[in-house]
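Start from the sequences, fold in the hints, and give me the full structure.
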Amino acid sequence: MLSRHAESFFWLARNVERAETVARVLDVTYTRSMDRFQHDVWANRAWRTALAIGTLAEPANVDTCDAESAFDRCIFDATNLSSIASTVSIARTNAINVRSELSTETWENINELYLDVRAQTIEAVTREGPARFLRRVRDRCQAIEGVTDATLLHVDGWNFLQLGRFAERGYLALRMLATIESLDDPWPEWQALLEMASASMPFARASSHLPASREVVDFVLFDPTFPRSVGFCANEVDAALHRISETPQGRGYTNQAEKLAGRLCAEFNFADVADVLHEGLHPFVRRIRHEIEDVMGAIQGVYFPRIPVPNAPLLPVEVVSA
238 MLSRHAESFF WLARNVERAE TVARVLDVTY TRSMDRFQHD VWANRAWRTA
288 LAIGTLAEPA NVDTCDAESA FDRCIFDATN LSSIASTVSI ARTNAINVRS
338 ELSTETWENI NELYLDVRAQ TIEAVTREGP ARFLRRVRDR CQAIEGVTDA
388 TLLHVDGWNF LQLGRFAERG YLALRMLATI ESLDDPWPEW QALLEMASAS
438 MPFARASSHL PASREVVDFV LFDPTFPRSV GFCANEVDAA LHRISETPQG
488 RGYTNQAEKL AGRLCAEFNF ADVADVLHEG LHPFVRRIRH EIEDVMGAIQ
538 GVYFPRIPVP NAPLLPVEVV SA
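Just so we're aligned: the sequence shown equals residues 238 to 559 in our numbering.
Mixed in with the good hints, there may be bad ones.
Label pairs and their calculated CB-CB ranges [stated by the list, open to error]: (1) Ser240 with Leu447: 49 to 59 Å; (2) Gln537 with Leu447: 40 to 50 Å; (3) Leu239 with Asp376: 27 to 37 Å; (4) Phe507 with Arg451: 16 to 26 Å.
Bear in mind the hints are in silico, worked out from the structure with no lab data behind them.
Ideal Cβ positions, reconstructed from N, Cα and C, are used throughout, including at glycine.
Here it is as structure tokens:
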């Protein structure tokens, strides 16, 4: 596969995943804010959390904000590359680059999502009801992911989609955990995190006793059967890399991306929540975030490197006398 096509598949998946996550985070925050007094300290913190995730900013660097400013920054702000408008536009541009390799159903869903988002304004979203628009974005992004699995050949292009999807998904799950201030936060804050991670019902089904913050951390980081846990995502990235290189999984590595992905998998396959709490939740989350960034950088370097094109020196023009 051409390097530029592989890169387009990778960024297409990453941006669809990011658009879905930002839409879900905003929807959960808006819906839960309806149950709270407008100026309550927890409501203000919830919007700061949503803005931190929707801009990929560090939680400590995010100022107090309200729903309107969060919607403006996280939905429509063209200067914010993590806003829904930006990510959907980037995804569509990458889809155009590989249009001939996408199924008709995949392209139609991407294009319809783009046209829907482009037609919106903050006034229209507020008038319609933010939850309706945000859930439409979320559902369309999930439809794109589903239809790619169902209609594309599971060859290199699909594998690069998997790389982008699960690398971004695991990275954003860590971003969510980074917004938790303490394991002593009240249960409603942990419940909100579960809803943002689409983990509320799966966690309730998997839990065998009264829920607690420790169990939430364990589930979101390590559960091997939950497709949005960080450990599950790490193993999917490792599997996709080995499918691309055709190297048997578990038998070493052939490039730097596979080496770093395998090391990341070992972090999750041979650790548990006790190790996280011993290190500290936030130090662990920061370290794993950097490791995922290193994996994504290695994927970039191995499969779509930026190779400078040398400029030929200008030769003096010879004057030919008549």
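Hint check results:
1. Against the hinted window of 49 to 59 Å, the Cβ-Cβ separation of Ser240 and Leu447 comes to about 51 Å, which satisfies the hint.
2. For the hinted restraint 40 to 50 Å between Gln537 and Leu447, the CB-CB distance of approximately 44 Å keeps it satisfied.
3. Between Leu239 and Asp376 the Cβ separation comes to about 32 Å, which falls inside the hinted range of 27 to 37 Å.
4. Between Phe507 and Arg451 the CB atoms are about 19 Å apart, so this pair conforms to the stated range of 16 to 26 Å.
Comparing the model with each numbered hint stated earlier shows that all of them hold.
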